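Going down the list, the sequences are from chains Y and B. So the mapping is simple: my numbering equals the position in the first sequence, first residue as 1, plus 126. So the mapping is simple: my numbering equals the position in the second sequence, first residue as 1, plus 126.
Calculated directly from the structure, the hints in this document are not laboratory data. Any given hint might turn out to be false.
Same chains, same names: a pair is fine if it fits in one copy or spans any two.
Said to hold, decoys possible - The list that follows gives simulated cross-link-like pairs (lysine to aspartate or glutamate, EDC-like), each with its CA atoms no further than 20 Å apart:
no., residue 1, residue 2
1, Lys623, Asp195
2, Lys161, Asp359
3, Lys264, Glu382
4, Lys183, Glu143
5, Lys270, Glu561
6, Lys131, Asp209
7, Lys183, Asp222
8, Lys516, Asp463
9, Lys135, Glu503
10, Lys264, Asp172
Remember, predicted model here, so these are calculated numbers, not experimental data.
Number of protein chains: 2
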Amino acid sequence: MSNEKSRFKQLCQQAQETSYLTSTLALLEWDQQTKLPALADDYRSDQITFLAGEIHKRQTDPRLGDLLDELADSKLAADKSSDTGATIRELKREFDKRSKIPATLVQELAKATSVGQTMWVHARRNNNFGSFSPQLKKIFELKKAEAESLGFEGCPYDALLDEYEPGAKTHEVAAVLDALRSDLVPLVAEIAASGYSPPVEILRRQFPIELQQVFGREASTKIGFDYGRGRLDVTPHPFCTELGPNDCRITTRYDEYFFNSSFFGILHESGHGIYEQGLRSEFYGLPPGKYCSLGIHESQSRLWENLVGRSISFWQYFYPRAQELFPAALQDVPLNDFFQAINHVSPSLIRVEADEATYNLHIIIRFELEQAIINGELDTDDLPMAWNEKYEQYLGIAPSTDAEGVLQDVHWSAGLVGYFSTYSLGNLYASQFFEAARDELGDLDSMFRDGDFVPFKQWLNEKIHRLGQCYSGPELGHRVTGQGLSHQLLLRQLRDKLSPIYGL
Amino acid sequence: MSNEKSRFKQLCQQAQETSYLTSTLALLEWDQQTKLPALADDYRSDQITFLAGEIHKRQTDPRLGDLLDELADSKLAADKSSDTGATIRELKREFDKRSKIPATLVQELAKATSVGQTMWVHARRNNNFGSFSPQLKKIFELKKAEAESLGFEGCPYDALLDEYEPGAKTHEVAAVLDALRSDLVPLVAEIAASGYSPPVEILRRQFPIELQQVFGREASTKIGFDYGRGRLDVTPHPFCTELGPNDCRITTRYDEYFFNSSFFGILHESGHGIYEQGLRSEFYGLPPGKYCSLGIHESQSRLWENLVGRSISFWQYFYPRAQELFPAALQDVPLNDFFQAINHVSPSLIRVEADEATYNLHIIIRFELEQAIINGELDTDDLPMAWNEKYEQYLGIAPSTDAEGVLQDVHWSAGLVGYFSTYSLGNLYASQFFEAARDELGDLDSMFRDGDFVPFKQWLNEKIHRLGQCYSGPELGHRVTGQGLSHQLLLRQLRDKLSPIYGL
């Protein structure tokens with residue numbers, strides 16, 4: 127074995143050993159959310175902190191840096207999209223990033239966000255933004271310092287965005303989201319003006335939880351989530367996590383009197399899970415076996431939740447089974463009424479309860495506001511006013527309290543600045559991927575009507591999942607769709623589906 | 127702070143940090159048994175191996191050895207039963223033990239037992255002891271080498287016993303178990319000769335699993351297992367594990383057509399759990415906060431399972447509730463019939479299904495056989511014959527196949543030699559502790575009849591649990607009972623309960 131190859135092998139072993147610890151940490155966290163006894167939380171937090179520290183030591187080990195410097199200059203790194211090249215490139219990118227942020231800043235951020243989340247909980251409960259604003263200002267200041275440490279070419283926000291969506295640039299994302307907003311606002315207004323409202327009350331009938339479990343499991347299995355390599359559990363806040371190459375766990379919450387909550391939640395998390403299960407397990411713990419970016423990850427969940435799961439063809443297949451499982455609720459409901467109900471669009475105040483169309487406006491508001499703060503154009507004290515103005519302007523409604531306004535999300539208090547836009551990037555990528563799949567695979571609707579989700583899932587496996595981090599999000603988007611990021615398809619898909627419902 | 131005290135603080139921190147990792151390892155194992163997706167097992171094994179290696183590195187770090195040498199000579203170690211003295215003494219004992227076994231032997235044993243367990247599974251399935259015997263011989267040879275590395279004063283078996291029951295000596299344990307055997311064999315024969323058989327078929331009626339869950343949870347809560355600091359899950363092989371100072375998890379298995387399986391299993395594991403929950407959490411990860419020995423641990427499970435859970439007073443309190451939950455099975459069954467049925471004694475071939483009295487004979491057989499092998503008096507090839515002879519001699523029955531004979535237990539294939547006797551030590555300690563509690567607390571039966579298990583549990587907390595490893599098993603036994611290990615009380619308790627049932 128050449129010296130380079132032996133050094134590369136050493137690098138992979140180091141990374142894979144670290145992944146034994148990161149996947150163990152993920153188990154500690156999954157267990158904390160799902161199974162931990164009520165009084166065991168403090169010790170679990172200590173365990174997590176200790177293990178995170180051990181992982182950080184490994185990830186910033188100067189010997190790792192030397193190895194990466196050496197390999198980055200070798201011919202193994204030449205083809206940056208090859209498995210080998212991507213491994214060196216991405217491990218080096220992460221190492222450099224971690225090494226750039228001073229340890230003191232890491233500690234200050236950890237402390238400020240820990241305090242921040244507790245203060246946020248209280249502020250939301252007491253509807254008192256003022257009690258939280260100084261801490262939020264501090265967190266944003268630290269995030270600015272983090273951006274400065276990381277460095278950037280364009281604006282400081284680029285550095286923050288890059289943590290979640292490597293390779294994405296603020297001005298490009300902003301251009302697309304601006305265009306999306308310009309077209310979404312009139313669409314939503316048009317729908318409101320139509321005066322029509324689908325029979326949404328049918329979704330609020332009684333759906334026994336055990337049968338929701340059966341149905342959710344059946345549907346997720348059918349679309350391709352592999353329960354031999356995963357689990358489904360119950361948590362207040364649904365999520366998807368992976369604890370190993372064959373261990374992807376999703377969660378949901380059940381509401382006996384609301385069909386959407388668990389069903390579309392399970393489709394959403396299954397989409398994340400199918401992505402994780404589609405990564406090449408032989409590269410587990412290495413960049414070619416890791417998800418590309420948060421935006422790409424979100425595209426996979428949105429594809430199954432909205433573009434597949436809210437399509438008429440999906441329900442042409444699944445609705446008879448739904449009526450069989452929930453006769454009391456659905457026997458008297460025609461398919462078309464059900465289809466209209468699950469596609470109802472209406473401005474609302476809470477992001478996580480928003481429909482497919484207005485959801486993006488919630489995101490755009492947050493994306494605009496956090497940029498304004500980072501750029502120094504907006505003071506955190508003025509956030510509630512700016513928030514309410516934007517809701518009025520884009521959605522035509524404004525929160526009457528900060529609890530259902532600017533205090534609704536945990537993200538900023540946790541230091542997640544630059545994160546929100548990845549939700550809308552997910553919707554945009556989803557729409558473009560879906561169109562590309564249709565172009566290549568033909569009549570997807572007819573397949574879905576027959577309950578055949580395999581060709582579409584395999585297409586995703588091959589075009590997206592198997593590539594891991596060999597390409598950045600923007601590169602992957604271009605590779606799969608032949609185009610750059612654009613809002614046109616998302617708009618067209620929404621209009622195509624919603625026009626007949628609302629008679630637009 | 128004096129130099130000694132600061133060094134001691136350093137020692138405690140090292141040990142407590144290690145316990146973050148050992149408790150994390152315990153979670154990886156618990157999850158493997160209870161929640162792991164079917165195809166995730168290989169990676170989980172790799173995770174466990176890696177983490178165990180990291181823990182071993184910490185536990186054999188020469189700097190730890192230096193620290194322990196220094197502290198062992200300090201005045202902090204002078205009172206060896208104080209929390210501080212016990213911490214130094216026990217950490218040093220463990221460090222020395224780990225350092226004595228050569229790394230090559232550790233690896234050989236790990237490999238031989240890993241292979242051994244797989245071969246054992248096949249041998250048991252195919253009822254083919256011959257295919258397993260050479261590997262078993264190898265494992266015993268390695269255990270002999272381990273005993274030599276560890277060193278001993280009396281016989282090599284002492285070194286192996288000491289791993290599970292520190293401070294116990296083979297000749298002492300053998301003397302008590304010999305005496306126990308001499309008295310048990312005639313008792314069991316007398317029972318058989320009585321010709322009477324309790325109505326055991328009532329325990330094989332239908333007991334709906336959901337109601338077994340309710341009843342098991344109620345009873346375990348009542349005797350003192352704290353579900354705010356623990357959980358109950360389902361596994362094929364029941365166990366108890368602790369994942370932190372407030373996180374003790376027990377498991378059980380349900381058989382819809384056999385009452386005993388889950389109910390007494392839950393009492394048994396709750397007994398282990400109540401011990402873990404009774405340790406002082408401020409010493410978590412340190413010897414004063416760790417269980418004393420396997421024998422003492424087992425005594426706690428046997429106390430609740432047998433001495434409390436199979437007593438008439440326990441059922442005077444619980445039987446009405448049992449009849450309420452299982453009317454179809456128990457409505458027509460008088461308490462006394464039920465009491466007789468759960469105390470049925472009858473020789474059987476399988477240890478884990480044995481009753482309270484004959485169980486010890488199963489243990490004594492294994493204890494005698496493994497000593498004979500370690501002493502070179504018995505070749506593994508001749509084990510089946512020796513096994514069957516002893517079953518004939520002590521229990522009056524002999525297995526017709528090795529699968530239900532010498533191949534029934536996993537222990538030896540896993541390298542657990544010296545372990546079995548701790549089960550009977552548990553029964554012996556339980557009988558002596560129970561008598562001591564009765565002497566000090568008065569009429570326990572009357573308390574149990576009233577459903578008041580608190581005084582007895584608190585007595586165990588105070589006399590046993592809170593002492594952790596401040597005393598060895600033999601020391602603790604003496605301290606609590608004022609006597610050495612003896613079989614007299616166990617025999618008397620059995621006779622007192624069984625004589626009226628069988629008219630002895």
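Hints versus structure:
In this homomeric assembly, Lys623 and Asp195 never come within 20 Å of each other (Cα to Cα): the closest approach is 52 Å inside a single copy and 76 Å across copies. In this assembly of identical chains, Lys161 and Asp359 lie within 20 Å of each other by CA distance both inside one copy and across copies; the values are 10 Å within and 10 Å between. In this assembly of identical chains, Lys264 and Glu382 lie within 20 Å of each other by CA distance neither inside one copy nor across copies; the values are 41 Å within and 59 Å between. Taking CA atoms no more than 20 Å apart as the test, Lys183 paired with Glu143 passes in both settings, with 13 Å inside one copy and 15 Å between copies.
In this assembly of identical chains, the alpha carbons of Lys270 and Glu561 never lie at most 20 Å apart, being 38 Å within a copy and 69 Å across copies at closest. In this assembly of identical chains, the alpha carbons of Lys131 and Asp209 lie at most 20 Å apart only when taken from the same copy (14 Å versus 53 Å across copies). Proximity of Lys183 and Asp222 under a CA criterion of 20 Å is satisfied intra-copy only: 14 Å inside one chain copy versus 29 Å between copies. In the homo-oligomer, the alpha carbons of Lys516 and Asp463 never lie at most 20 Å apart, since the shortest distance is 33 Å inside one protomer and 76 Å across protomers.
Taking identical chains as interchangeable, the C-alpha atoms of Lys135 and Glu503 are never at most 20 Å apart, the minima being 49 Å within one chain and 50 Å between chains. In this assembly of identical chains, Lys264 and Asp172 lie within 20 Å of each other by CA distance neither inside one copy nor across copies; the values are 25 Å within and 42 Å between.
Going through the hint list in order, the structure does not satisfy hints 1, 3, 5, 8, 9, 10.
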